[in-house]
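Chains as they are written, first to last, in this note's numbering: chain A, 1 to 376; chain B, 1 to 376.
Derived SDA-like pairs: lysine to any residue, alpha-carbon spacing no greater than 25 Å straight-line:
1. B:Lys2 with A:Thr108
2. B:Lys2 with A:Gln372
3. B:Lys107 with A:Leu34
Taking beta-carbon pairs under 7 Å as the criterion, some of the chain B residues facing chain A (in silico):
4. Cys25
5. Leu28
6. Gly169
7. Pro171
8. Ser175
9. Arg178
10. Ser181
11. Asp333
12. Leu348
13. Val349
14. Ile350
15. Gln351
16. Ala366
17. Val369
18. Asp373
Here are the simulated distance ranges between beta carbons:
19. A:Met131 with B:Arg341: 34 to 44 Å
20. A:Arg250 with B:Met234: 41 to 51 Å
21. A:Gly80 with B:Met1: 52 to 62 Å
22. A:Arg250 with B:Lys61: 26 to 36 Å
23. B:Met1 with A:Met147: 18 to 28 Å
24. A:Asp81 with B:Asn252: 46 to 56 Å
25. B:Met1 with A:Ser118: 32 to 42 Å
26. A:Asp206 with B:Glu293: 25 to 35 Å
27. B:Asn252 with A:Tyr156: 39 to 49 Å
No lab work stands behind these hints: they were computed from the structure.
Beta carbons: idealized from backbone N, C-alpha and C, even for Gly.
There are 2 protein chains.
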Amino acid sequence: MKTIPLILMGCGGVGCHLLQHIVSCRSLHSSQGLCLNVLGVSDSKSLVVTEDSSNKGLDDKFLMELCRVKRDGGSLSKLGDLGDCRLFSHPELQERILELASQLGGKTGLVFVDCSASSNTVAVLKQVVDMGCCIVMANKKPLTSTMEDFEKLYAYPRRIRHESTVGAGLPVIASLNRIISSGDPVHRIIGSLSGTLGYVMSEVEDGKPLSQVVRAAKSLGYTEPDPREDLGGMDVARKALILARILGQRINMDTIQIESLYPKEMGPDVMSVEDFMNSGLPLLDKDIQERVEKAASNGNVLRYVCVIEGSSCEVGIQELPKNSPLGRLRGSDNVLEIYTRCYTSQPLVIQGAGAGNDTTAAGVLADIVDIQDLFP
Amino acid sequence: MKTIPLILMGCGGVGCHLLQHIVSCRSLHSSQGLCLNVLGVSDSKSLVVTEDSSNKGLDDKFLMELCRVKRDGGSLSKLGDLGDCRLFSHPELQERILELASQLGGKTGLVFVDCSASSNTVAVLKQVVDMGCCIVMANKKPLTSTMEDFEKLYAYPRRIRHESTVGAGLPVIASLNRIISSGDPVHRIIGSLSGTLGYVMSEVEDGKPLSQVVRAAKSLGYTEPDPREDLGGMDVARKALILARILGQRINMDTIQIESLYPKEMGPDVMSVEDFMNSGLPLLDKDIQERVEKAASNGNVLRYVCVIEGSSCEVGIQELPKNSPLGRLRGSDNVLEIYTRCYTSQPLVIQGAGAGNDTTAAGVLADIVDIQDLFP
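Bound-form chain A, shown alone (with noise of 0.2 Å):
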């Protein structure tokens, strides 16, 4: 039986699905002669971990234990019976995931999972990388952190995975990476990347208002608290970063042309979020109305889509033929074309949901699965 350590940053919403899938993935995995040890679950500012970390992990009635105190909206330090688990704070929170990292990292190996959407974790990542840890990220944040960060987070580029990233479980970046290595050069990637925008551009192509569309799309459930979040592309800019680096562009965010669907005027620090949904939204809607009346004229269709080609990635509205992948897009799917040596005329084409706790967990828990042979 071969054993995979590791230790979950971040139990939240995906962090929760993830131990529920570990969990219900036992007698699978263990057909296949595999073990996930979960040593040890943080949030931002507690850990826990079993009294002797290197054998031993948290059982599974106290993952699900935690999975339910997490849901409940409380924190790790407010888990009644811990058994034989000890809890840490700051500072030693950071001191005992280092020293567990330096124990087990060299010897069987070690897995940080991070699940989190905190910029927080990038410092612990960077170190634990040299201790001979595995990385497996659903979190944006540390890969769209400086290019010296992002290179040092893929010193070991097999000990890295974060599938979720880009489009939830979708395998983009497992794809991606296949066509990187057999030598077949990635032209350009074109891609929507936000559900929520998918779904805004397709409802705004059939003559919706775009501020009727936000709206439902609010009411749905489909975009944050603020909708200015999605409407503003930081969000898709972030993943449009991540494919570009590792095509090999050396690229920040600041790098990145970002089109916002609203202007700085009607920014979170000038209106609040009603003010924007009453007032600020529906000023916007002419201008939408055009820009899709005058891309019907030509045939084609507005996706917000991040565009990565050459040395150049921007993230904004185009306009697409209608009858093209990403122009027959309609809903919230994630659809991503990639144009290759191999796929030059037609693109190979990734579609599905990419946003949801289950399927972004079920790709970190692939990306668990899929570092196995670093293991002894």
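Dock chain B against chain A, hints included.
Chain B in isolation, oriented as in the chain A frame:
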């Protein structure tokens, strides 16, 4: 530098492209600390290996000369200057291969790359599996042999890769394996896995007679020299069988319901290719046309697909919604829709060119790179 020693079985179109890819990726792979060492190449009659095969691979100049000879229709035995290589023929060929497998399999590892289209490789592959060797296949035959053969080849799942057996280089198997290992149950796969039949079905949809479409496909080089090899559905059935077995179905070729687009009375043992094209095929036009029209009256289109669901695996024409990834398919692309718990209402879709020596070889090369962690 990590070295992956390999023996290539089959150096026709795909095999030669693979050798070219390996040579042209030397510096890319070297920058990743990887060296692909081609110890030997075989065709159906001969095996060429270096004298001291435990160490040095065949040099790149020799590999390119070998490709030239094969492209000109020659066999390996026609190679002029063997330099420091040796040529083995039957029955020494098999002995030498097993000798290498037992020498290297347990020590450094050794990859057998099957780019042939032959059923004859399965005997060797089954033996080398037990000697600790890895297997990478573009050849569908070994995996569509008996269930016993399949399970033998899959005895060590981490040591076998065969992306290019389904959809050429499209990331179908890799994506399916990710889904399976994350415990996301696959409810249904439906796919158009023949570029030829994809083209044929989208053309008859436009009202063209089947006979005319097949004739055009033949002259475009989309079909086998005898188009009945495509129209019979056997090639699609082989791919379907591989997918079904990966999903855990313990079935054989003869379990699969295969709908042939021509009746037995027009089979190769009854009439020549010419007779089929000129006299047989036109008799089928009316029936297909009627089915196309009936589907259209339901708002549907016809596609030649494989459907894998529960314990069933079928291959044939299905009526599908015009407004689905498969319904929208035009031309010769392959499309696969995968329905799972995570992709319930909207499937995960993978689409792109599913044939061609270049992309098939690229898929094989990505597989080889992917198993690098098994090598010291």
